[in-house]
Amino acid sequence: MNTIKNIIFDLGGVLFNISYQATLDAFARLGMKDFEGFFTQAAQINLFDKLDRGEISEKDFCQTLRQLSGTNISDDNIMAAWNAMLLDFPLHHDDLLRGVGVNYRIFLLSNTNSIHYPVYEDYMLQTIGHRGLDHLFEKSYLSYKIGLRKPEPDAYKLILQENDLVANETLFIDDTMQHVVGARAVGLKALWLNLAELKTVDLFNQRYLLRPEAMELC
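Read in my numbering, the sequence shown has 69 at position 69, and its numbers run on one by one without any break.
If you are wondering where the hints come from, they were derived from the structure by calculation, not from laboratory data. These figures come from a predicted structure and were not determined experimentally. There's no promise every hint is true.
[Unchecked claim] Straight-line C-alpha distance at most 27 Å; calculated DSS-like pairs for lysine-lysine:
| no. | residue 1 | residue 2 |
| --- | --- | --- |
| 1 | K145 | K59 |
| 2 | K50 | K33 |
| 3 | K157 | K50 |
| 4 | K139 | K5 |
| 5 | K50 | K139 |
| 6 | K157 | K139 |
| 7 | K157 | K145 |
| 8 | K59 | K33 |
| 9 | K145 | K50 |
| 10 | K199 | K139 |
| 11 | K145 | K5 |
| 12 | K199 | K5 |
| 13 | K157 | K5 |
[Said to hold, decoys possible] Cβ pair distances, simulated, as ranges:
| no. | residue 1 | residue 2 | range |
| --- | --- | --- | --- |
| 14 | T127 | R211 | 26 to 32 Å |
| 15 | I128 | E197 | 24 to 30 Å |
| 16 | D34 | N205 | 42 to 48 Å |
| 17 | Q178 | V102 | 27 to 33 Å |
| 18 | D34 | S74 | 15 to 21 Å |
| 19 | G101 | A28 | 38 to 44 Å |
| 20 | H92 | G70 | 43 to 49 Å |
Ideal Cβ placement from N, Cα and C applies to all residues, glycine included.
Could you build the full structure based on these sequences and the hints that come with them?
Here it is in structure tokens:
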């Protein structure tokens, strides 16, 4: 029996299209050929964790990355390359969230930062007339604002505690496996969205209810 009452969505990959390769390529064009040694979807050095948690300024982030890479790339070029991964928002996801929000309490939990998020907000304002998707969620949790990032247990627990959610009645959807593993560790139902095989819309039926086969992936 499907007992899910709440859904926590990831942002990048699940709702907003991103390309890690685009950022790797952008840094390579700037002469930073080994950026993949610093950052991938599967792993990243502590510098990026600190950026995600809001523990480091944009200026210090750029300066540290220059030092680590032995390059002299400008702040503007570093931030442009870092933002290259941000692609676009499928407009049908707007309708999807509106429909799903009728059937479930929905929340957003995103590992993001002070460089990415304003660019995302500007894009969304031009695309759907809102600075992001906050108006469609009961509450949004952004890593650089809450000082916690996935897969840290407290990132998930914060949402559960602040909103009186029962863990086994709450589904977490993410396209990064280590984040799914982290969610399961605190008792959440968690679904890895393998983007090579599935799209977010595939998880729901025409009435915006979770498909039984989606729950089988948890």
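Structure-based check of each hint:
Straight-line distance between C-alpha atoms of K145 and K59 comes to about 18 Å, which keeps the hinted pair within the 27 Å bound. For the suggested pair K50 and K33, the alpha carbons sit about 22 Å apart, so the restraint of at most 27 Å is met. Simply put, K157 and K50 have alpha-carbon atoms about 20 Å apart, close enough for the 27 Å limit, and the pair holds. Restraint check for K139 and K5: the C-alpha separation of about 15 Å stays at or below 27 Å, so the hint holds.
Using a Cα cut-off of 27 Å, the hinted pair K50 and K139 holds, with the two alpha carbons roughly 23 Å apart. Of the supplied pair hints, the one linking K157 and K139 holds, its CA atoms being roughly 14 Å apart against a limit of 27 Å. Under the criterion of a C-alpha separation no larger than 27 Å, the hint pairing K157 with K145 is consistent with the structure, at around 16 Å. Annotation: proposed proximity of K59 to K33 holds, straight-line Cα distance about 21 Å (limit 27 Å).
In summary, the hint linking K145 to K50 is supported, as the alpha carbons are separated by about 12 Å, within the 27 Å threshold. For the hint linking K199 to K139, the alpha-carbon distance of about 23 Å falls within 27 Å, and the restraint holds. At most 27 Å may separate the alpha-carbon atoms for a hinted pair to count; K145 and K5 meet this at roughly 26 Å. Taking the CA atoms of K199 and K5, the gap is about 21 Å. The hint holds against a cut of 27 Å.
The straight-line distance between the Cα atoms of K157 and K5 is roughly 16 Å, inside the 27 Å bound, and the hint therefore holds. Between T127 and R211 the CB atoms are about 27 Å apart, so this pair conforms to the stated range of 26 to 32 Å. About 27 Å separates the C-beta atoms of I128 and E197, a value consistent with the hinted range of 24 to 30 Å. Taking 42 to 48 Å as the suggested C-beta distance range, the pair D34 and N205 conforms, at roughly 45 Å.
At roughly 31 Å, the beta carbons of Q178 and V102 sit within the given window of 27 to 33 Å. Roughly 19 Å separates the CB atoms of D34 and S74, a value that falls within the hinted 15 to 21 Å. Between G101 and A28 the beta carbons are some 40 Å apart, a value that agrees with the proposed interval 38 to 44 Å. For H92 paired with G70, a C-beta distance near 44 Å keeps the hint of 43 to 49 Å intact.
Checked against the numbered hints above, the structure violates none of them.
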